[in-house]
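Engineer: So you can see what is in the structure, the chains are spelled out below.
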Amino acid sequence: MFLPYLKTRSTVPHDFFPTRLLMMILVNQTCRLAMFAAAGLLFVTETFADEPKPIPDSAAAEQATGTAPPTTDSVSAETANAAVRTYVGLEIYPKELTLSSIRDSRRVLVTGITADGQKIDVSTKATVTTLSPVCRIDADGYVVPLTSGEGSIIVAAVGHQLEVPIHVTAVDALPVDFIRDVNPILSKVGCNQGTCHGSQAGKNGFKLSLRGYDSVYDYRALVDDISGRRFNRSEPAQSLMLLKPTQGVPHEGGFLFDEQSRYYQVLEQWIAEGCQYKPDAARVASIAIYPPTPTLQLRHDQQQLIVIATYADGSTRDVTREAVFETSNFEVATVSKQGLIKAVQRGEAAALVRFEGNYAAAPVSILGNREGYVWTPSPEHNFIDGPVNAKLQRMKLLPSGPADDAEFLRRVSLDIAGVPPTIAEVNAFLADPTEPVAKRAAKVDQLLSRPEYVEHWTLKWSDLLLNRRKTVTERGVWAFRNWIRQAVATNKPYDQFASELMTAGGSTLENPAANYFRIAREPKLVMENMTQVFLGTRFSCNQCHDHPFERWTQNQYYELAAYFADVGRRALPDGDEFVFTNVSPEAVINPSTNQAASPKFPFSHAGTVNAAAHRRDQLSQWLTAKENPYFARSIVNRYWSYFLGRGIIDPVDDIRASNPASNSELLDALTKDFTDNGYDLKRLIRLICTSATYQRSLDSNPWNDDDTMNYSHAVPRRLSAEQLYDAIIQATGAPRALPGVPAGFRASELPDSQVEVAFLDMFGRAPRESPCECERTSDVSLGQTLNMVNGPTIGDAISHPDGIIAKTIAGGATNPQLIETVYLSTLCRKPSAEEMTRTIEYFSTVATPKEATEDLTWALINSPGFLFNR
Amino acid sequence: MRFSLLPAVVLTLFFGVMAGDYLPAVAQDEKRPEKVVSYYRSVRPILQRKCSGCHFPGKLEGKFSVLSVTELIKGGDAGTAVVPGKPDESKLVHYISGDDPKMPLSGDALSAEAVHTIRTWIAQGATDDSPPDVGARITAESPPVYSTPPVVTSMDYSPDGKLLAVSGYHEVLIHTLDGSVPPKRLIGRSQRIESLSFSPNGQILAVAGGTPALFGELQLWNVAEVKLLHSTTLALDTLFGLSFNGDGTLVVFGAADNRVRVVKVDTAEVTMRMDAHSDWVQGTTFSLANDHVISVSRDMSMKLTIVSTGQFVDNITSITPGALKGGLVDVIRHPTREEVLAVGSDGEPRLYKIFREKARQIGDDFNLIRAYSKLPGRLCDLDLSPSGNKFVVGSSTATSGAARIYMTEDPAKFVDIPDVTAPVFAVSFRPDEMQVAVSGFDGIIKLCNAETGAVEKSFPAAPLTVVPTPAVATAGP
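Top to bottom, those sequences are chains A and B.
Counting in numbering that gives the first Met the number 0, the first sequence runs from 0 upward without gaps.
Counting in numbering that gives the first Met the number 0, the second sequence runs from 0 upward without gaps.
Derived by calculation from the structure, the hints in this document are not laboratory data.
This one's a predicted model, so the numbers in the text were calculated from it and none came from an experiment.
In this text, a Cβ means the ideal position worked out from N, Cα and C, and glycines have one as well.
Be aware that one or more of the hints could be misleading.
Incomplete in silico selection of chain B near chain A, CB under 8 Å [as the list claims (entries may be wrong)]:
| hint | residue |
| --- | --- |
| 1 | 93 |
| 2 | 94 |
| 3 | 97 |
| 4 | 100 |
| 5 | 101 |
| 6 | 106 |
| 7 | 152 |
| 8 | 168 |
| 9 | 213 |
| 10 | 311 |
| 11 | 413 |
| 12 | 422 |
| 13 | 453 |
Bound conformation, chain B alone (with noise of 0.2 Å):
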């Protein structure tokens, strides 16, 4: 008897956390009864803070998500949750008031200020005053303002090497390299950019992103006419990774639901989709022959699957759990033959034989071709030259990065691109050879000669409305 008050007790502690109502819009509600009650301002916090853990798209405990109206009214296993009008036929109603209210199923019961708010809402006619969403109010008429450069988490050059897509907020910016126009700007719903690539004809840039704990879109943009041809939601959180097939007709990319998706970019369809892995999906690319894809995760493990069926064959390599927390990043194809480099948080570049010569052993590596010299910190992004004679690698370690250009056949010899005191989370090799792009938290692309090193041109990511600040230019101390 005395040891079972404790489990309750700590319950009650925890819960108590979640149980501070700082509602000022419901009492105000609550004052004045006559006046509307705003869905957007008083009814949706109530939800946002009470039922939205387990009633949203993610976890749709009961079939039933609270973040819309419509999904209210939709309603879940239970049947409609919210009848316009009728406060009584609601269900929502039912369940959360009375002495011993059924949900929310652990923490506190929902105030009776917040259930009146939201009684009195439904009588009202349960109407949606939302403003569209937060992340609309950008929009290519409205652009996203900066007073800082915004974080660079992906960089492609396009096929002439005249443009350098960067990834902004909300945005991707087309960058003309010999700086004869401002950069074009792809503004779309995503907040976040995580990767971006050229087809190889170069006509179309496709984007993975998303909203973090949203939604994931993958968007496809007519380049030369700034003109978004699809935008696809996938998933509820963002897509990661995205690589081009061979002749540009299919684009392949991870996501943050860890499954790999093919999709068709004429029509935007998904037509081949994978789920091995059993972590985030942060880096794919296409076999040379096109028939595979490679994909690698933060469940550390680099996997081969048949592109027409989605039928996983391999793992290239399964590392040891705990050799390396945070997993791979990135994977890319060498264009020549069926080889790939992979690098993530371990610090160390590696180049793995894409199928196996020999029978697989659990915990083996024999895949691996050679590894290279290691960076401080995790690699977050690697790009090859198109013969694939070199490779640049960018590197954090939060407080500082790096980034190197390997050569690809003798990893005893390496450039390191000199000052770089910013974690690199985007780099790019001109498809000329000679230059690279490197670019990461503070927002500044440095173009790079990609013999020496030597920075030959630095510029902001996006266009500034004020000069950053010294302290905003730098992570470091």
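Extracted from the complex, chain A is given alone in its bound form (with noise of 0.2 Å):
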């Protein structure tokens, strides 16, 4: 019974729900369950709405002659006011042309210029003629080169034309290479795909590397395969390279390209040639995307792409008709085969290029029609506004306002020491009278130092670091959970907490960072580990191949974990280990070579490593090194998505080419802060907290309302299994009684997750299995639903006899003063006007004052107002 696919509503009224479900309670005191399981989880979420919200048709603007009738429908309204586009002018890019080989074909991009300032593709709208001696153009636009010298095009559209010089600097002969010119098409036409060819074990007996990773072995699949059967050169045109792809004979994959097609004649030359392979060939060093952020304004509008390789020779060329395109989010935009982006709504996706094992990403952004849209500046406290405000004007949205202290403190406090404020320091802070930036800074460094904080950033690693009795038995649990809660207090710089974990060794209770050598028993798994953690890659895709979506190759995956080749494990008395480096590393077997891996780095940057230090010591050196792109990055991202409940590279522990950042001058300007000032996680915390981006409130406007991934309004998060359990005890003052720890003991403190609360399980708390950051769920269930209304949990919570409500009754409070300190105990704040005179109402109806707290705190417990972080 779980409800798939929910997403929680961002803009909840304050006080729609208590009110609603007292409403309920006075319908029907006796059927209090049916109307709960009905309240709280199921009613902060919504399905999402499958339509896509309609964007005024760029096809309609351009057909509008301006006689369509004014109307108050909203679609046809916002087409109106797209009005006609009138073009003023043409951008071409590149300026000019410059082609290198006889094989260096090109196309240049046109931009339409309108009246009002806008930019607009208008590349398949153009035409490209020339009467240059020196090139000729293709039927799809592209200028092949003919002889050497100089010339020129011309590029009409719109109503406008441009000449663009061309340079054809050589056109020596040159025979069709396979890496260079064959294989990309074999990929292109999709032969070596997942589905097809470059399945695990082929295809009708034939097989090629996924995606074409390794051309040497597509090159002998082609050529030395049963003796040559693929290709024949007595008759080119008679090669099953060539029969199957144009259905020439029956062909499963069906028909991919026909005999005339550019494909088909670079394929028949190269068997022509001889069928040659140059493994000297230089190979692809990277590619780029131009243009490098595309931004759309209408639905059908449109981008074309072009793909520039750079080789490791230098040389470049135009690739766009042999790379593969893919768009991360079809719902936004899509991307075709020949890089033409679409707009299909307003949004923001990727356009994802691959080409000979390099990957881009183009960031996309669809703004949609924004008529009357105008910046307003917003307050900056600190280097991190600037970026996200400049996100914000760039997308057209318009940040939310500050959020008021209440919200504000609630939050913090739930984000920095993963527990909610308590009525008094609710109240000390409502009260405080300094001005708010100040105020709230102050409160920042105050939660900082509270022994809470330390808690729950040891639950945060020791999650990370997977500790659990299961691989470190139950004395080794606590030392390690104890190591980093010193670590935690400590404000150990985060360089060298994750270069002790690597180079740790010893007994590991005298030294529980060795623990990490314990729980990760074999160099594959330490190393996958220690990607996902430390670098916020996946290592693991590319154990059986070559990373599908990043470079990463098989064999970096082996000769990454071959660092982690001469740990040592001996057993001690009690459950001990003693870790240790051996002097004969084991032999991390390569199954593609079937040989023991060498250590290697995945990638080389700038920093020092010690070559002839042991192998762990290196890798230390080479993980955290400033000049690594991935270490910082990666953790101020990860702690970025603690704070604002998404990534700027989302997932946070999969970062990859083409995953790209939301915004990478956010990223880059918190990676150097942190690199520049220590690895000082506590000074991280405090930049993102004091930021004006962090401080806004939950409630979007009709510009922000659909922003989901730029910061412009705060998002509610579910609050973690041990931060409800946790906030539940403390909202009712129930002690603390969990099972297998001292009495005290929160939640948040316990040392893994085999100490069973089915609670916690429910809420999904980490198992600790896998460093993946997905291991904590905050799924919303009908279970967790039914336990919060009816579950023992809450109820002997409110109802015991030491708690808040009792001792509050005993106090001899008033009514509103009851209510008061309700509001204040569970949801942090105090009631409003309405609010306070809606419940007096209902005390009146119940007949006892207990009865009718106890129903207000279940109510509010089970309000979005305190399940979630807002």
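Dock the two chains into a complex; use the hints.
Structural biologist: Okay, structure coming up:
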């Protein structure tokens, strides 16, 4: 009975749920369960609307002749507002073309400039002609060199035209090369994709490497497998590798290209020239996308992309026709096989491009009609707010105003210390007359020095480092937890923290960091955990094949794992273990070569690594170097997500070229500050929490209610299992009594999930089996709802004889005092006047204040204001 | 709801690949409807691209093939597909027309123009204007013309050592080794010759081959008269690894349909079929007593089968999956012992006992007698000398190759053929054991001294119309 695909609603009226619940209670007190079941968690969720929000159609805009009647229909009105586009000029990218080889064809992007200054891609509407003898124009608009020399092309579109200089520098005959010319075609038409010949077993006896990562393998498959069955040098057109894709013979993969296509001609020429393979052919070093950040206005607007590959020898080439395109979100924008982006609806997506094992992504913004949008300057507390606001401006979003003090206090307390503020704290903070920015900064500092801060972040790191007794024994679990606590308490610099883990040795009880090698006992697993936590990347994919969405190769998986191959482990008495460095490392066998992999880093950076040091020391130096582009960036991004609900790169532990940052300037700035200031995690938290961005209200406005990734307003996040449990105990004042730990222990202080508390499991605490952030779930289920409504955890806590309710009533509180106390203890704020009036009304209908107060507590605990960190 | 969109879009993207209807001929017919619609130029390409992925003899969905007019008229499970002259009574038309056509099952519907073309063709009588099949235009009268030597996949010396049969394109070339006469050309239907062998008395040449993805063919030739005695079409792709039995009455060969077949030489009748392999069977040989056949396959196994019954007896070796990507390629029996040599993708020739002396265990290798030194790349062909004392192996790394002569009894001793720069796909031992022939990707035959490896003579596998360019002569950089 799980309710999948529920999205939390970002704008919930503060007074809605309690009031509504109380009304229900009024109607029928005997049916509490049913009514509560319909409340709380279920009410705060709603299914995500399927239909894309209509945005005006550019085709309509351009067809409009100005005679369209005014109408009140919103869509038509938007269209009408978009008006007819009048173009006043063209821009061409690049401004001139240099063709340096007979195999080098290039195209231009054509941008129309409208009267109101918009830049609209009109590449698909452009006609390209030439009178120069140096080149000709292909049917698809590509400029093909003919002879060396200078020339020009004429580009005409939307009533304007421009002349573009062409330089042809060389047209020497060049045989078709397998690596450079053939393999990209096999990738482009999909021969080597995972569902076809790139699958583990190939298809119908013919296997290629997945997405062409292994050009030797692919060459062999075509040339020496079955003694050259797939090519026919005597009669190239009769080659199986040409007959299959043209359906000249039956082909289950269907028809892929015809005999007149460029692909066919390249392959045919390659066969006719003798199926050559140049192992030393220059490989692609990088690819770049133009424009790098496409911004489209209206639905059906288009943007053609150009992909330029730079080879290791420095040469460049337009590979748009061979590159493989995908979109990260087809509900926002599609990307055709030819690299043409089409706007679907307002939002952000990424155009993902793959070419010869290189990956790149261009963030695509679809603005939609933002008629009437005016940026109003928003306060900036520190360097975080500049890039955030710049992005908001670019996406034509308006940020929400600041959260009020109570909202901020609860949010920041939960985020830094893992617990909501107490009644006394709320009252003190609200009463403090200091100017808000300073007052809030002081609160952040105060929270950072609280013991709960230490417990909260110890829990997070215990999750990430997979501390659990199943692998390190019960003594070990406490020892490792204490080591982590110590590191958090002393604010150990993050690079040192990582380094101590990577190089740990000795008794796992005396130096608990060594448990890192007890938790993962073989080099591959240690490496996988290390990359996911400390680099934010997923290397586990490339254990069996090259990473499908990144440049990581299978070889790199084993080479990196080899750095942990010299970790020795020896049992000690009492369940202890001794971790040391073996003189002779164990072999990490790479199945593709069947040989032991030698340690090698998957990427190099300018940082220093002492090659004479032990393997783990080298790894530690490489990992924690300031120059490592992933180490600091990944933790900064991860911490950011803990406070803002979403990583700048998201998911935070899946950083890759095809998962671009939503705001790379912001991430760069945070990373730089972090590395410039001693990897100080407290400083990072302080910066985030004191930013205006963090302190925004949950309430959205018409200019940001669709924003999910640019931090224009706060987003509600369900309390974690431990937070929720501890918050219930705190709100009700019931005593803490968790099994297996001393009385008074909070759920956040439990050493691992083997301390059985069904409530915590139901709300998705991390089982610590994998270092993925996804282990800790924030799903909403009916089971949770029923538990919140009718479970013993809540019921017992509310009615506890030593609880806040009992004490407050015993203290002789009036109804309004009772009500205010309950609002403060649960929602950490005072009730509004209306809430107070209505609740007093309700109290008058219930037999005893005790029962009424319990009802109120119950209702508020089940309201989003309690269940969520907002 | 939101997520169920995903598969649909993925499918659309995937089949979008196939959707391109590049059919200029169709468009032409559409513009001039009075013109006669050509099956070969207009209808066949539509069916090839839209239908033949499922409806070809290899898959035969609905027991229906679209590869020929005969098959279209014959139809399948649903009955006759094409009624000449009556498009409205033709099931083919019903299946592909309408707003939501039944076919193609996956992928985009046929365009209105394509459907119209097919209708018009049927209305005009559904005549078959196909030229004789593409291969058939190469005949003895119009032999293949080579601008570069063909890739050589198989060679065999005649028992008297005077002739060398070499695979070509659409033909076998029989070279006279003293160069006294130009090569005889045994031109047949099959584009590809995968394996060839002289009968023990040298009178008959058996040839296994076919045209990839279309058919397999066994050819039996009278060598002296250059006369094709039998041509038998078998399977839907090429045949491989052919061997004669001791008295030359039977041949055994493998095929891309994973099957081993034994055929009587005089009648070309299939007398035995074995289906125990799970991948292409690339090499076969008879046991010394001729009562068993041994077959090797890309499935990595070497299997023993009784000739008279086709009963599978044993896996002589079953190699742990993963150890040998690409499987076993060739097998040959020792001339005087019940032992076989096998080669494959792992580059290491191995000698095996045919008959097991120790109870079988999963994953064992008890029958292995010895392994020989490895060559780089995969091993593509092997041949034993008539005494069984030596054998020659060719290998390929795709960009280069190697050939080596081994001493059967002494794995430490071997001789390498010098200066091999191209993949070696074919080797043969001359019956007098003095010479080996080596060829492959470059189509250049090297005759080498069997003692020293020294190249004594080299010549192109087929007569050339132009001198080969250096780029083609070697596969390397």
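Engineer: Determine for every hint whether it applies to the structure shown.
Structural biologist: Hints versus structure:
| no. | hint | verdict |
| --- | --- | --- |
| 1 | 93 | 23 Å, violated |
| 2 | 94 | 18 Å, violated |
| 3 | 97 | 22 Å, violated |
| 4 | 100 | 17 Å, violated |
| 5 | 101 | 18 Å, violated |
| 6 | 106 | 7 Å, holds |
| 7 | 152 | 4 Å, holds |
| 8 | 168 | 4 Å, holds |
| 9 | 213 | 6 Å, holds |
| 10 | 311 | 22 Å, violated |
| 11 | 413 | 22 Å, violated |
| 12 | 422 | 5 Å, holds |
| 13 | 453 | 25 Å, violated |
When the structure is compared with the earlier hints, violations turn up for hints 1, 2, 3, 4, 5, 10, 11 and 13 and for no others.
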